[in-house]
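Enquirer: Required output: the full structure, derived from the provided sequences and hints.
Heads up: the protein sequence lines correspond to chains A and B, in order.
Position in the first sequence (first residue = 1) + 1 = the numbering used here.
Position in the second sequence (first residue = 1) + 647 = the numbering used here.
In case anyone wonders, no lab produced these hints; they're calculated from the structure.
Heads up, some of the hints might be wrong.
[Unchecked claim] Once the Cα atoms are required to be at most 30 Å apart in a straight line, the calculated BS3-like pairs of lysine-lysine come out as:
no., chain 1, residue 1, chain 2, residue 2
1, A, Lys26, A, Lys143
2, A, Lys26, A, Lys149
3, A, Lys143, A, Lys4
4, B, Lys738, B, Lys772
5, A, Lys96, B, Lys738
6, B, Lys664, A, Lys85
7, A, Lys96, B, Lys682
8, A, Lys47, A, Lys85
9, A, Lys40, B, Lys720
10, B, Lys691, A, Lys143
11, A, Lys47, B, Lys682
12, A, Lys85, B, Lys738
[Unchecked claim] Counterexamples of contact, computed for chain A against chain B with all Cβ distances above 12 Å:
no., residue
13, Met2
14, Arg18
15, Lys47
16, Glu62
17, Thr107
18, Ala113
19, Phe121
20, Ile127
21, His137
22, Val159
23, Lys164
[What the hints assert, rightly or not] Have a look at the derived ranges for each label pair, beta carbon to beta carbon:
no., chain 1, residue 1, chain 2, residue 2, range
24, A, Met2, B, Arg696, 34 to 44 Å
25, B, Ala900, A, Phe91, 40 to 50 Å
26, B, Asp688, A, Glu177, 35 to 45 Å
27, B, Asp688, A, Gly11, 33 to 43 Å
28, B, Met918, A, Asn76, 36 to 46 Å
29, B, Leu937, A, Gly29, 23 to 33 Å
30, A, Glu13, B, His802, 39 to 49 Å
31, A, Ala86, B, Pro932, 25 to 35 Å
32, A, Gly136, B, Ala751, 38 to 48 Å
33, A, Asn8, B, Gly834, 42 to 52 Å
Heads up, the beta-carbon is just placed ideally off N, CA and C, and yes, glycines get one too.
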Amino acid sequence: MSKEILNSKGLERALTRIAHEIIEKNKGTDNLCLVGIQKGGVLLAKRLASQIEAIESGHIEVGALDITLYRDDLNTKAEQPVVKATDIPFSITDKTVILVDDVLFTGRSIRAAMDALIDFGRPARIQLAVLIDRGHRELPIKADYAGKNIPTSFNDLVEVHLKEDNSDDRVVLLNEQ
Amino acid sequence: MDNKNITFKSKDLLGIKDLSQEEISLILDTASGFKDVLERDIKKVPPLRGKTVANLFFEPSTRTRTSFELAAKRLSADVVNFSVPTSSVVKGETLKDTALTIQALGADFVVIRHSSSGVPHMLSKILDISIINAGDGANEHPTQALLDLFTIRSHKKKIEGLSVAIIGDIAHSRVALSNIYALTRLGAEVRVVCPPTLMPAGIGELGVKTFGSIEEGIKDTDVIMTLRLQLERQSKGFLPSLEEYFTLYGLTAGRLKLAKKDAMVMHPGPMNRGVEISSEVADGPQSVILEQVTNGLAVRMAVLYLLGGVKK
Numbered sequence: 002m003s004k005e006i007l008n009s010k011g012l013e014r015a016l017t018r019i020a021h022e023i024i025e026k027n028k029g030t031d032n033l034c035l036v037g038i039q040k041g042g043v044l045l046a047k048r049l050a051s052q053i054e055a056i057e058s059g060h061i062e063v064g065a066l067d068i069t070l071y072r073d074d075l076n077t078k079a080e081q082p083v084v085k086a087t088d089i090p091f092s093i094t095d096k097t098v099i100l101v102d103d104v105l106f107t108g109r110s111i112r113a114a115m116d117a118l119i120d121f122g123r124p125a126r127i128q129l130a131v132l133i134d135r136g137h138r139e140l141p142i143k144a145d146y147a148g149k150n151i152p153t154s155f156n157d158l159v160e161v162h163l164k165e166d167n168s169d170d171r172v173v174l175l176n177e178q
Numbered sequence: 648m649d650n651k652n653i654t655f656k657s658k659d660l661l662g663i664k665d666l667s668q669e670e671i672s673l674i675l676d677t678a679s680g681f682k683d684v685l686e687r688d689i690k691k692v693p694p695l696r697g698k699t700v701a702n703l704f705f706e707p708s709t710r711t712r713t714s715f716e717l718a719a720k721r722l723s724a725d726v727v728n729f730s731v732p733t734s735s736v737v738k739g740e741t742l743k744d745t746a747l748t749i750q751a752l753g754a755d756f757v758v759i760r761h762s763s764s765g766v767p768h769m770l771s772k773i774l775d776i777s778i779i780n781a782g783d784g785a786n787e788h789p790t791q792a793l794l795d796l797f798t799i800r801s802h803k804k805k806i807e808g809l810s811v812a813i814i815g816d817i818a819h820s821r822v823a824l825s826n827i828y829a830l831t832r833l834g835a836e837v838r839v840v841c842p843p844t845l846m847p848a849g850i851g852e853l854g855v856k857t858f859g860s861i862e863e864g865i866k867d868t869d870v871i872m873t874l875r876l877q878l879e880r881q882s883k884g885f886l887p888s889l890e891e892y893f894t895l896y897g898l899t900a901g902r903l904k905l906a907k908k909d910a911m912v913m914h915p916g917p918m919n920r921g922v923e924i925s926s927e928v929a930d931g932p933q934s935v936i937l938e939q940v941t942n943g944l945a946v947r948m949a950v951l952y953l954l955g956g957v958k959k
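Expert: And the structure:
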């Protein structure tokens, strides 16, 4: 069984609201950069950056982070996940880094992402922006900005489809049966 | 990613001969990710934390052993080096007992180099842990071929359809054999160039073209691989003299002009300048010899990472 949680309008509105919240919380865009987690987070970070640029003038730098090598389940998975590109072509030291991901679930990806980021430099602070928070945290991690909170069962799947991947923008909840 | 569903089947990397085209591509793609890591300030990532890599080298080697050691350390593994003159081997221990001891000490990978072909294959049957062939006799040196492919691909963006000349001691070269398997499997045209005394019988069955003349062999090629002339062969009557070898088969600037204008010049090292390659060419703008060394680290990290995921 599947249910649409966000359509393309809703997804765009959620991103616009997050963009405004980021600017408000940080009192502007000074020293701000966005780093998306491969792969959905990277696409969302790029969109958020252009929204922020449209609201405030100036250029927001966007990086891509692959967390594969920092996962805590490499020893237990049946096969090694494919290593994707990490591309952060600017210094994050003393910056406010907004980490962007599509779905916040157990929090383990975010733990891995923070460890990976710290290997690139010492940010002034890291904030977390996610499109969907679906609950079931296994680590003490919480989002600073969330597009939508949705109740789920642990075994449900939340799929984020984005137009950059030749699909319509939408978020779908797939029930376990 | 296209290769999301491709997995590494074997726990070992014994040779290119056993690898599918997809497995080779998976290693090369994974290596690209590690090349990024090597360009960072902090060149260390955690996936092999708590694992141990044992280097077991029965032949002298500086670059391959150091490359494997650094690759393992940059993946956060612990590394132990067993070099033969200091190990129990000189006290008469058999290879099998040495290997079993290393396994009992808790190593997860054995990187082995040996002067006899087939030693890594034998160890892979005895041990449950991963075996990586770092060169066995005149058989294979798979990670060298993989790093060569990676280097070619990063310049030419593809392997298929390229024309690659391999020049040198083909008969005794594991680098040549692994490269022949790898390049032909990915669809390159491979030409081997060497004196008749160093041309192995039956080489044509591997799908390569043979040339006795370097001028004909490298004409219009995209890539030229020169091999180290193993000087110890000289005394065995394969070659009249080193000078004559350089005159007939050395890669010089004049000869390089016969290849394509943007042809890459490669050498697995260590080089004998003035024997198989002139200094002018080795240090020239078409040479990627030092880049091969850097890429070797990324490729060996990829191999360790991928084998680390195979359930034993």
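Enquirer: Sort out which numbered hints this structure fails and list those numbers smallest first.
Expert: Violated: hints 5, 12, 18, 19 and 29.
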